[in-house]
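Enquirer: If you want the building blocks of each chain, they are given just below.
There are 2 protein chains.
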Amino acid sequence: MKILITGGAGFVGTRLARALLERGHLRGRPIDTLVLTDQFPARPEMAQHPRVQVRTAALLAQCEALREEPFDAVFHLASAVSGECEADFDLGLRSNLDSTRALLDALRHRTERGAAPTCLVFSSSIAVFGPDPAYPFPEVVGDSTLPMPQTSYGTQKLVCEHLIADYTRKGYIDGRTARLVTVTVRPGRPNGAASSFFSGIIREPLAGEDAALPVDLSVRHPVGSVQSMVRGLIAVAEASREAFVGRSAITLPGLNVSVQEMLDALEKVAGAKVRARVKPQRDERIAAIVANWPRGVVTPRANALGLQAEASFEDIIRLYIEDCRRDNPQALRGLDS
Amino acid sequence: MKILITGGAGFVGTRLARALLERGHLRGRPIDTLVLTDQFPARPEMAQHPRVQVRTAALLAQCEALREEPFDAVFHLASAVSGECEADFDLGLRSNLDSTRALLDALRHRTERGAAPTCLVFSSSIAVFGPDPAYPFPEVVGDSTLPMPQTSYGTQKLVCEHLIADYTRKGYIDGRTARLVTVTVRPGRPNGAASSFFSGIIREPLAGEDAALPVDLSVRHPVGSVQSMVRGLIAVAEASREAFVGRSAITLPGLNVSVQEMLDALEKVAGAKVRARVKPQRDERIAAIVANWPRGVVTPRANALGLQAEASFEDIIRLYIEDCRRDNPQALRGLDS
Chain A
195 MKILITGGAG
205 FVGTRLARAL
215 LERGHLRGRP
225 IDTLVLTDQF
235 PARPEMAQHP
245 RVQVRTAALL
255 AQCEALREEP
265 FDAVFHLASA
275 VSGECEADFD
285 LGLRSNLDST
295 RALLDALRHR
305 TERGAAPTCL
315 VFSSSIAVFG
325 PDPAYPFPEV
335 VGDSTLPMPQ
345 TSYGTQKLVC
355 EHLIADYTRK
365 GYIDGRTARL
375 VTVTVRPGRP
385 NGAASSFFSG
395 IIREPLAGED
405 AALPVDLSVR
415 HPVGSVQSMV
425 RGLIAVAEAS
435 REAFVGRSAI
445 TLPGLNVSVQ
455 EMLDALEKVA
465 GAKVRARVKP
475 QRDERIAAIV
485 ANWPRGVVTP
495 RANALGLQAE
505 ASFEDIIRLY
515 IEDCRRDNPQ
525 ALRGLDS
Chain B
195 MKILITGGAG
205 FVGTRLARAL
215 LERGHLRGRP
225 IDTLVLTDQF
235 PARPEMAQHP
245 RVQVRTAALL
255 AQCEALREEP
265 FDAVFHLASA
275 VSGECEADFD
285 LGLRSNLDST
295 RALLDALRHR
305 TERGAAPTCL
315 VFSSSIAVFG
325 PDPAYPFPEV
335 VGDSTLPMPQ
345 TSYGTQKLVC
355 EHLIADYTRK
365 GYIDGRTARL
375 VTVTVRPGRP
385 NGAASSFFSG
395 IIREPLAGED
405 AALPVDLSVR
415 HPVGSVQSMV
425 RGLIAVAEAS
435 REAFVGRSAI
445 TLPGLNVSVQ
455 EMLDALEKVA
465 GAKVRARVKP
475 QRDERIAAIV
485 ANWPRGVVTP
495 RANALGLQAE
505 ASFEDIIRLY
515 IEDCRRDNPQ
525 ALRGLDS
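These protein sequence lines are chains A and B, in that order.
Under my numbering, the first residue of the first sequence is numbered 195, with each subsequent residue one higher.
Under my numbering, the first residue of the second sequence is numbered 195, with each subsequent residue one higher.
What the hints contain is simulated information worked out from the structure, not anything from laboratory work.
Hints may contain errors.
[Claimed, not checked] Capping the alpha-carbon separation at 20 Å, the derived lysine to aspartate or glutamate pairs in EDC-like fashion look like this:
no., chain 1, residue 1, chain 2, residue 2
1, B, Lys364, A, Glu278
2, A, Lys364, B, Asp282
3, A, Lys196, A, Glu280
4, B, Lys196, B, Asp368
5, B, Lys196, B, Asp226
6, A, Lys364, B, Glu478
7, A, Lys473, A, Glu455
8, A, Lys462, A, Asp517
9, B, Lys462, B, Glu432
10, B, Lys196, B, Asp266
11, B, Lys473, B, Asp458
12, B, Lys473, B, Glu455
13, A, Lys364, B, Asp404
14, B, Lys364, A, Glu508
15, B, Lys196, B, Glu258
16, A, Lys364, A, Glu306
17, A, Lys364, B, Asp284
18, B, Lys462, B, Asp521
19, B, Lys364, A, Glu306
20, A, Lys364, B, Asp326
21, B, Lys462, B, Glu403
22, B, Lys473, B, Glu516
23, B, Lys364, A, Asp226
24, B, Lys196, B, Glu280
25, A, Lys467, A, Asp530
26, B, Lys473, B, Asp404
27, B, Lys364, A, Glu478
28, A, Lys196, A, Asp226
29, A, Lys364, B, Glu278
30, B, Lys364, A, Glu280
31, B, Lys467, B, Glu436
32, A, Lys467, A, Glu508
33, B, Lys462, B, Asp530
34, A, Lys364, A, Asp299
[Stated by the list, open to error] FRET-style restraints, in silico, Cβ to Cβ:
no., chain 1, residue 1, chain 2, residue 2, range
35, B, Glu436, A, Ala252, 38 to 46 Å
36, B, Gly402, A, Ala310, 50 to 58 Å
37, B, Glu436, A, Leu285, 49 to 57 Å
38, B, Asp477, A, Gln233, 47 to 55 Å
39, B, Asp477, A, Arg223, 40 to 48 Å
40, B, Ala252, A, Arg307, 25 to 33 Å
Ideal placement from N, C-alpha and C gives every residue a C-beta, glycine not left out.
Starting from the given sequences, assemble the full structure and let the hints guide the process.
Expert: Quick look at the structure:
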């Protein structure tokens with residue numbers, strides 16, 4: 195089978211591509227070709243892989259060509275992130291809404307010419323939820339919580355969820371949406387996402403650098419490893435359609451933790467010296483965005499697919515350390531041993 | 195002040211225009227000019243009114259020009275109806291989604307050049323709600339019910355609600371959404387809406403014609419007079435912003451009735467001979483769409499604005515008969531007296 199990953203050069207996209215190549219099959223069929231589209235270049239080992247095709251251009255510019263290309267499954271991960279969407283409203287609408295519609299219409303074009311509906315897995319976000327001035331804000335959100343996004347990013351994700359549900363209802367695609375929790379620990383540099391610090395406060399100290407903490411220690415948030423999110427995306431692709439009926443999305447499991455618990459775990463895994471590199475430095479812009487995010491998730495539908503969050507935040511840090519030992523030992527230069 | 199009504203030649207648009215001209219003011223300011231845009235021509239008495247400008251063209255084609263034109267308030271009623279959207283997917287996306295976005299961007303264009311955010315009242319619909327396979331379908335829906343539309347029309351309305359909420363949050367507009375219940379009794383001919391029969395089973399017998407009833411007598415649905423919906427749209431335009439916080443829309447009050455109760459009311463008001471002109475003639479396509487609609491509404495937020503549904507369906511029929519006596523006595527040729 196032939197699979198498309200949009201945003202295929204990104205952090206989650208690359209890990210998903212690796213996982214698919216390693217398992218070699220999806221939905222009971224062998225994977226012959228993996229097409230990675232992204233506005234940024236893919237990693238060299240991906241570009242050189244015999245079963246991978248890399249296409250570097252904005253998704254919106256690629257959709258016209260995609261109309262004539264058959265895919266058996268599409269993982270639609272390409273997205274501008276929350277901070278970018280707040281800073282540049284048009285960028286968010288173009289990258290997150292217009293691009294998704296163009297992709298949906300490309301897939302629909304094939305169905306209207308007799309092809310079976312393509313399986314599309316859309317990565318949405320718990321950013322579809324906002325605080326609720328009409329009722330007490332729920333401590334945890336789930337698939338039946340009324341989404342009231344308070345960011346453009348969350349709005350665009352929610353809008354795409356509903357468009358995907360309607361294209362699916364019409365038989366144009368076989369669409370499924372997974373709402374990802376905040377992926378932690380992301381490697382590399384801080385990005386434009388307001389959630390970037392959730393990785394930074396672990397990643398920077400492990401690399402021997404100071405990290406700014408823009409919010410209070412009491413802030414609670416659901417987080418998950420990239421491994422766990424990749425497992426979720428694959429499980430959602432392979433689930434029966436019935437698992438999705440009646441809701442626009444399945445929220446993937448997350449570990450509901452406070453920043454305090456995250457830093458305690460860091461100290462336990464890496465020591466007090468590493469922990470001390472996190473310096474409180476409140477950022478009102480970030481704090482305001484994060485205050486509007488859920489403090490936890492409850493995910494019975496995802497759990498019914500066999501998905502579970504990590505048991506502790508220490509596990510999440512250890513997964514990151516293992517990754518770094520293999521891929522980029524320099525990222526651990528802040529560790530004593 | 196200068197007011198724009200999109201869909202201004204339609205049934206609700208025309209009645210809203212009349213009501214605004216009669217009251218002469220909105221939000222505490224006198225109404226100087228009313229601009230009616232519609233793809234269909236406006237009624238002659240509107241086109242000839244000294245305070246009314248009529249522009250006949252598709253909304254999407256008019257939005258570029260609207261970018262340079264200041265309005266103090268906009269009532270956005272233009273929309274393809276539910277039956278049309280199911281039959282022609284592209285028409286629905288263009289008429290309901292693309293046109294709304296172009297209108298929002300036209301209003302945003304002015305704000306970005308220093309103008310105050312324009313008050314925009316969007317007419318959404320209770321079609322944003324669908325049945326709930328995950329939970330028992332609520333007998334009545336309200337502003338806190340999770341919308342899961344099961345039609346393209348409902349999806350597009352919901353998507354626009356969320357875009358309007360985000361444009362408002364960003365300060366580009368002062369947007370408010372009213373979810374209308376099914377307007378009954380609509381005059382004229384049946385239209386492409388799946389809800390068309392809710393008017394037809396009253397209108398046709400009063401005009402001396404047979405009417406097909408495509409659903410069971412037990413079907414329940416919230417309905418309201420056009421007078422009540424117009425009052426609702428004006429109240430929503432004049433409400434404080436705080437009345438909307440935390441929800442994407444305010445559901446307007448409706449009378450929750452069964453088809454049986456509607457026909458009993460018809461017999462009471464117009465006699466058994468008129469009632470007997472309604473003939474059961476099941477239409478599976480219509481019945482399937484209607485089965486996915488709410489059976490009633492509960493509207494505490496609208497009630498807090500002073501809005502109330504009619505007390506009985508007989509009142510709704512009598513309002514229609516009064517209208518016909520004034521505007522079109524021919525429509526009552528089925529009445530004995």
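Enquirer: Need the list of violated hint numbers for this structure, in ascending order.
Expert: Numbers 3, 9, 13, 14, 18, 19, 22, 23, 24, 31 and 37 - these are the hints that the structure violates, sorted from lowest upward.
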